[in-house]
Amino acid sequence: MKLSMVVSPSPTTFEAVAFQGEVASHLHELKALGYEGVELAIRDPGSVDRTALRALLDEVGLSVPALGTGQAYLADGLSFTNPSKGVRRGAVARVRAHISLAASLGAMVVIGLIRGKVEETPREQAVAWMLECLKECAQVAEDADMRLVLEPVNRYESNLINTVEEALAVIQEVGSPYLGLLADTFHMNIEEPSIEASLRAAGSLLWHVHIADSNRRAPGLGHLDFPRILKTLREIGYSGYLSAEILPFPDPHEASLQTVRYLKGIMSSP
Numbered sequence: 014m015k016l017s018m019v020v021s022p023s024p025t026t027f028e029a030v031a032f033q034g035e036v037a038s039h040l041h042e043l044k045a046l047g048y049e050g051v052e053l054a055i056r057d058p059g060s061v062d063r064t065a066l067r068a069l070l071d072e073v074g075l076s077v078p079a080l081g082t083g084q085a086y087l088a089d090g091l092s093f094t095n096p097s098k099g100v101r102r103g104a105v106a107r108v109r110a111h112i113s114l115a116a117s118l119g120a121m122v123v124i125g126l127i128r129g130k131v132e133e134t135p136r137e138q139a140v141a142w143m144l145e146c147l148k149e150c151a152q153v154a155e156d157a158d159m160r161l162v163l164e165p166v167n168r169y170e171s172n173l174i175n176t177v178e179e180a181l182a183v184i185q186e187v188g189s190p191y192l193g194l195l196a197d198t199f200h201m202n203i204e205e206p207s208i209e210a211s212l213r214a215a216g217s218l219l220w221h222v223h224i225a226d227s228n229r230r231a232p233g234l235g236h237l238d239f240p241r242i243l244k245t246l247r248e249i250g251y252s253g254y255l256s257a258e259i260l261p262f263p264d265p266h267e268a269s270l271q272t273v274r275y276l277k278g279i280m281s282s283p
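For the working numbering, add 13 to where a residue sits in the sequence shown, where the first one is 1.
You can take every hint at face value.
Restricting the straight-line Cα-Cα distance to at most 25 Å, the calculated cross-link-like pairs of lysine-lysine (DSS-like) are: (1) LYS98 <-> LYS148; (2) LYS44 <-> LYS15; (3) LYS148 <-> LYS130; (4) LYS277 <-> LYS15; (5) LYS130 <-> LYS98; (6) LYS44 <-> LYS277; (7) LYS244 <-> LYS15; (8) LYS244 <-> LYS277.
To be clear, the hints were calculated from the coordinates, so they are not data collected in a lab.
Could you put together the complete structure from these sequences and hints?
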C-alpha cells in the first residue's frame with residue numbers, strides 16, 4: 014500500500030482537505046514528507062492546464078491515484094438526482110471531463126456527492142436518475158479504459174448510499190467492470206457495524222481507500238484501530254493507495270506529517 018494526500022488546486026468550502034491552492038509548493042512538501050501520490054480534488058477539469066500539471070507531477074515524482082468530483086456538487090450544484098434534466102446532464106458532462114483528465118494522469122474518478130441526494134422527488138425516481146447517469150459515466154470510463162469508484166458517504170452528508178453494502182448493490186446494478194468501490198474510514202466509522210467486515214465484503218471491488226480518523230483528523234488522533242484496519246486490507250489483498258482526506262489540524266504540515274509517520278509506522282510493523 015502507498016500513501017497519498019487529497020489536495021485541492023483551488024479554494025474549497027470542503028474542510029477535510031489539508032492543502033488548498035498553491036499546488037506546486039504542496040506537492041513538493043508532500044514528496045519530501047514521503048508521500049507517493051496526490052489525489053486531486055478538481056472542481057472543473059476545463060480550467061486545468063494539463064500540460065503544466067503533467068510536467069509538475071513528473072518533476073516532483075508523484076502519481077495521481079484519483080480525481081475528486083465533490084466540488085462540482087458543492088460549488089456548482091451538479092448531481093445525478095437533480096430534478097432538472099439540464100443539471101443532471103451537466104453533472105454527467107462534468108464527470109466526462111474528469112474522466113478525460115484522469116486518462117491523461119492514470120487516475121480513477123471518484124463518484125461521491127455528485128451522485129446527489131433524495132430531496133424533491135420520490136426515492137425510486139432519484140435512484141433511477143442516479144443509475145441512468147452512473148451507467149452512462151461507466152460506459153464513458155470503459156471507452157477511455159479508466160475506472161470510477163463509488164464512495165459511500167455518511168447519513169449526515171447524504172441520504173443516498175451510506176454503507177458499503179448499499180454501494181456494492183449499486184455497483185452490481187450498474188454492471189460495469191469499470192465501476193468499483195471507494196471506502197472511507199471516517200464515513201465507515203459512522204455507518205458500518207464493523208469496518209473490517211465491510212472491507213472484507215468489498216473484497217476485490219475495493220479499488221481506493223480514503224483515510225481519516227474518527228474525528229476526521231489525521232490517523233492516530235482519534236479512536237479508530239488503524240493497525241487492525243491495515244491488517245484487514247493486507248489480508249484481502251488490497252495494494253492500492255491510502256489517501257488522506259483529513260482536516261488541517263493543527264495545521265496542514267503537522268496533519269500530513271502525523272499521517273505519514275503514523276501509517277508508515279504501522280505498515281513497517283510485522
